[in-house]
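Could you slot chain C onto chain L? The hints should help.
Sequence order for the protein chains is L and C.
Note that the UniProt record's numbering has the first sequence beginning at 1, numbered continuously upward.
Note that the UniProt record's numbering has the second sequence beginning at 1, numbered continuously upward.
What the hints contain is simulated information worked out from the structure, not anything from laboratory work.
Yeah, the Cβ is synthetic: ideal placement off N, Cα and C, and Gly gets one too.
Do not rely on the hints blindly, as some may be mistaken.
[Stated by the list, open to error] Distance ranges between label pairs, derived from CB positions:
| id | chain 1 | residue 1 | chain 2 | residue 2 | range |
| --- | --- | --- | --- | --- | --- |
| 1 | C | V78 | L | G109 | 55 to 61 Å |
| 2 | C | T76 | L | E59 | 29 to 35 Å |
| 3 | L | T68 | C | R80 | 43 to 49 Å |
| 4 | L | T137 | C | R101 | 37 to 43 Å |
| 5 | L | Q44 | C | A68 | 16 to 22 Å |
| 6 | C | D92 | L | Q44 | 29 to 35 Å |
| 7 | C | V105 | L | E59 | 29 to 35 Å |
| 8 | L | E106 | C | T50 | 44 to 50 Å |
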Amino acid sequence: MNHPWTGPRLARVALLLAVAVFGPAAGPRSGFETMSPELRAMQQDDLANPGMLHVAEGEAQFQQQGCTACHSAEAMQGVAARYPAFDAARDGPIDLAGRIAQCREERQGRAPLPREGKEMLALSVFVAHQSRGLPLTPNPDPRMEFVRRQGEALFRERRGQLNLSCGQCHDDNAGRRLAGSLIPEGHANGYPLYRLEWQGLGSLQRRLRNCMVGVRSEPFAPGAAEYIALEAFLAERARGLVVETPAVRP
Amino acid sequence: MARTLLRVPGTAQRGEVVEIRTLIQHPMETGFRPGADGTVQPRDIIRRFTCLYNNRPVFEADLHPAIAANPYLTFTFVARESGVLAFIWEGDNGFSQTETRALTVA
Chain L
1 MNHPWTGPRL ARVALLLAVA VFGPAAGPRS GFETMSPELR AMQQDDLANP GMLHVAEGEA
61 QFQQQGCTAC HSAEAMQGVA ARYPAFDAAR DGPIDLAGRI AQCREERQGR APLPREGKEM
121 LALSVFVAHQ SRGLPLTPNP DPRMEFVRRQ GEALFRERRG QLNLSCGQCH DDNAGRRLAG
181 SLIPEGHANG YPLYRLEWQG LGSLQRRLRN CMVGVRSEPF APGAAEYIAL EAFLAERARG
241 LVVETPAVRP
Chain C
1 MARTLLRVPG TAQRGEVVEI RTLIQHPMET GFRPGADGTV QPRDIIRRFT CLYNNRPVFE
61 ADLHPAIAAN PYLTFTFVAR ESGVLAFIWE GDNGFSQTET RALTVA
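This is chain C alone, in the form it adopts within the complex:
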């Protein structure tokens, strides 16, 4: 399991623009760099990030080589109802991680 740092407000007003910040530990190996022995290190990156809000996508991103290690993504959406936010990172070598946070809308 990769370590993550998530900033998610626990509560929000209805219609409020909520800012989410996510950081995940990942080497984001580009697939172009030679290692210490001179052979090219195989690519190992996160390919896709999805944020689901009550199972509906509110933010998605495709990631590519040359994105820095430990990708930091921040985005906003409008809070309309209480629910569960799911953050899903998927990548090479079967990498998959899901974190969930509750958001209460007053």
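Looking at chain L on its own, in the form it has when it is part of the complex:
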């Protein structure tokens, strides 16, 4: 079984030690580390993690939608760890869900799937699951550098009626509490993930929309370029964390 937390256990212990000695600046810390032991057990057990139901659904969709005509599941290994990527055809960045949609619409010539519908989420989680346990290695394409800088600007920009930026919570106050909830560092290394609050599987864009509504700002349009820029920056920010898809979060 390809398991993210048994292989690199030594590395994890070393990381925890480093965190204890040098403080949280030692490296990115996955939200997994700060979850309750019960939730961690739920994520680690493939027969208790409800995200695995969606992975099974995605595996069936991968066959049904004809993805297997060109791709194999094995070839999808590591793909999610290096997305978002730069797409020459549209001369811009593209995220994993966008790539799946592009494949379907342009190469298969079929009607688009709803971006956060059941099928698209299942396909995304199945493809991303193939990279579980691999470290995030953001796309080295030099054209992504500009996108990442755009994303960082958005991350630092104060937004909404509460006039808060992402960084003010997830950098400056990570590890402290907002009401009863622990503020995580906000690393996107397990999406699409199963969130208990949603009682279901959701995408990174849904999570970002949640945060934006939380600070009372207008979310970007679904699938907007701003989300992809933010995702590109978040991937760089979480560089080296292993992919946990499908993660479980409170």
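Relative to chain L, chain C alone:
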């Protein structure tokens, strides 16, 4: 058909306590929540779970609103003979699903 994840040991010693874990995909809509249009969404939950071992019930549970989506149930029983385990979920809107697994007792 809802997707399920079942952990059932394929073999057991006679008299051994066997642990079963079941997870089924289901929204467990409570019947109290308003939808996006403000109207209350009708209840859609699993009402009853039964585990039969050679057609004899070894575990039964009634489920109610406020049980989380994708209910996860785990239970144990004593394996005395080889046979077939049947897992049956029944609920609102005629929901009914049965999964079976073989258990060999040495």
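A quick look at each hint next to the structure:
1. C/V78 - L/G109: 55 to 61 Å: Given about 58 Å between the Cβ atoms, the range holds.
2. C/T76 - L/E59: 29 to 35 Å: Hint holds: Cβ distance 30 Å, inside 29 to 35 Å.
3. L/T68 - C/R80: 43 to 49 Å: holds, 44 Å
4. L/T137 - C/R101: 37 to 43 Å: holds, 40 Å
5. L/Q44 - C/A68: 16 to 22 Å: holds, 19 Å
6. C/D92 - L/Q44: 29 to 35 Å: holds, 32 Å
7. C/V105 - L/E59: 29 to 35 Å: Holds, since C/V105 and L/E59 (Cβ atoms, about 32 Å apart) stay within the stated range.
8. L/E106 - C/T50: 44 to 50 Å: holds, 49 Å
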